[in-house]
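Trainee: Each chain is listed here by its residues.
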Amino acid sequence: MKELFLELKQAIIDGDEDIVGELSQKVIDESINPVDAVQEGLIKGIEVVGELWKAGEVFLPDVMMSAEAMKVGLGLLEPEIAKLGMSEGESKGKIVLGTVEGDIHDIGKNITGAMFTAAGYKVFDIGTDIKAEDFVLKAQEVGADIIGASALLTTTMSAQKQIIDYLIEHNLKDQFKVFIGGGPTSQAYADEIGADGWAESADEAVALADRMLAK
Amino acid sequence: MRIKLIGCQSTMNEIHAQGLNQGMDCEFLDYSYHARPDRLHAKLQEIINQSQDYDLIILTYGRCSNSMLGLLSPRIPLLFPATHDCIGLMLGSTARHMELFKENSLTYYFSQGWLDYGRTPLAEYCEYEEKYGEKKARKLIKTLYGSYQKAIFIKTPGIKDLERYRKKVQEIADFFGWEVGEIEGDTGLLTSIVKGIKVPESIYVDGGQVVTLEILAGTQNGNKDRARSRL
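As you go down the protein sequences, you meet chains A and B in turn. Position 211 (the first sequence) corresponds to 211 in the UniProt record's numbering; numbering is contiguous. Position 139 (the second sequence) corresponds to 139 in the UniProt record's numbering; numbering is contiguous.
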């Protein structure tokens, strides 16, 4: 079993989603504890990738591939965990992540998701081109601590403000921290629209979340 | 009046085709800055600093991922388009860009400059394939561009061989399985700005004034200075 977890970890580091898929299926087929597979395999692997990324030892496409592989593994194992009525264990917090309406840029969000997962957060990635309302509905559904909204275009960054406006309008602003990110955004913009957090990179976003949720 | 033009290669063909570069010092920057707003910002600031002995600095950059944010020309005014990027600039206005964006945000726009000097999605795929092999390269490129549905070529002045561009766009679109379309560009805004004319969709920043979000955003909704005036 230990061997299988090590293989899973390595497949995440290699960014090989096919192998991650096969191994995750094996976990299910052989009734191996899926929580352990996630904790000891997938998360250990993405932790390594996160460290290598911070150290500048891997390139963006490598991290992207690992993040994608991570999604495949979680996509198979999480439903199994739910089916078995098991708990995934304590997480540091829950974050709903998505790219705003009109914007289909996926990569920054995926990497942010992978880094948050590696750091012990439970990540709900709701995809790209997501309406303000849908961010909030998902956050309510899962009881999220943070809503993370990505925008990569100056044409779409106003949709980040729409999420905050929606929360204010529905008296929900106090329930979630809103983090924004993406190329054209800045701390000044985050302040202007009333976002709780902004970070330039995925690992800075994690550090910010750690500080904010520790309060 | 001595004018310095700092332009993106995305606008070079159109400017040359109309002879707008006559009588001014032009410097066209590499297209690859498109993907690195931080580097573009630094490069623009560097050239602005070196160009303080001119009377006006014209830029053909729009907000371009907010690369323009925070720029400061100590003594000389700046003039540039209030569009989001070169798509709006080639279409002639932000309004037209946004109208098309609302119609279908999943459109990838091409212009002659993009095809001549830029790094097309297909070229990017080829680079990845060489580096990471076909399997990873396909996955990467799908993550990057897989959601787009349509390629539209913006026709602007200066196109010598339209068929060559059509073929290029078709080749890229076929690779990704996109529909293909064409649209007439409108270089009216670009032309006015390069001629140094303040128009509603231009941004004019006095020397010593930092380019702020308010300046960039305020003019997105129409410049207060609506009167056309020759500088």
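Don't take each hint at face value.
To be verified - Below are the DSSO-like pairs computed for lysine-lysine, each with C-alpha atoms no more than 30 Å apart in a straight line:
(1) LYS102(B) to LYS173(A)
(2) LYS177(A) to LYS94(A)
(3) LYS135(B) to LYS2(A)
(4) LYS131(A) to LYS43(B)
(5) LYS44(A) to LYS198(B)
(6) LYS155(B) to LYS138(A)
(7) LYS131(A) to LYS131(B)
(8) LYS102(B) to LYS54(A)
(9) LYS150(B) to LYS44(A)
(10) LYS54(A) to LYS150(B)
(11) LYS142(B) to LYS122(A)
(12) LYS135(B) to LYS177(A)
(13) LYS139(B) to LYS54(A)
(14) LYS44(A) to LYS102(B)
(15) LYS155(B) to LYS71(A)
(16) LYS150(B) to LYS83(A)
(17) LYS102(B) to LYS26(A)
(18) LYS94(A) to LYS150(B)
For the record, the hints were derived by calculation from the structure and aren't laboratory data. As the structure is a prediction and not an experimental result, all values here were calculated from the model.
Trainee: For each hint, tell me whether it holds in the structure or not.
Mentor: Taking the hints in turn, this is what the structure says about them:
Taken as a hint, the LYS102(B) and LYS173(A) pair is honoured in the structure, with Cα atoms around 28 Å apart against an allowance of 30 Å. For the hint linking LYS177(A) to LYS94(A), the alpha-carbon distance of about 11 Å falls within 30 Å, and the restraint holds. At most 30 Å may separate the alpha-carbon atoms for a hinted pair to count; LYS135(B) and LYS2(A) meet this at roughly 29 Å. A C-alpha spacing of about 36 Å is found between LYS131(A) and LYS43(B), which places the hinted pair above 30 Å, so the restraint is violated.
Simply put, LYS44(A) and LYS198(B) have alpha-carbon atoms about 58 Å apart, too far for the 30 Å limit, and the pair is violated. A threshold of 30 Å between alpha carbons decides the hint, and for LYS155(B) with LYS138(A) the separation of about 43 Å lies outside it, so the pair is violated. Between LYS131(A) and LYS131(B), the direct Cα distance comes to roughly 36 Å. Violation of the 30 Å bound is thereby established for this hinted pair. Under the criterion of a C-alpha separation no larger than 30 Å, the hint pairing LYS102(B) with LYS54(A) is inconsistent with the structure, at around 38 Å.
For a cut-off of 30 Å, the pair hint linking LYS150(B) to LYS44(A) is broken: about 40 Å separates their Cα positions. Under the criterion of a C-alpha separation no larger than 30 Å, the hint pairing LYS54(A) with LYS150(B) is inconsistent with the structure, at around 36 Å. For the proposed pair LYS142(B) and LYS122(A), the alpha carbon gap of about 26 Å is at most 30 Å, so the pair holds. At roughly 38 Å between alpha-carbon atoms, LYS135(B) and LYS177(A) are farther apart than 30 Å, so this suggested pair is violated.
Distance hint between LYS139(B) and LYS54(A) is fulfilled; the C-alpha atoms sit about 23 Å from each other, no more than 30 Å. Note on LYS44(A) and LYS102(B): the hinted pairing is violated, with a Cα-Cα distance of about 42 Å set against a maximum of 30 Å. Proposed proximity of LYS155(B) and LYS71(A) is contradicted: the alpha carbons are some 41 Å apart, above 30 Å. Taking the CA atoms of LYS150(B) and LYS83(A), the gap is near 40 Å; set against the 30 Å cutoff, the hint is violated.
Among the hinted pairs, LYS102(B) with LYS26(A) is inconsistent with the structure: their alpha-carbon atoms are about 45 Å apart, more than 30 Å. Taken as a hint, the LYS94(A) and LYS150(B) pair is broken in the structure, with Cα atoms around 36 Å apart against an allowance of 30 Å.
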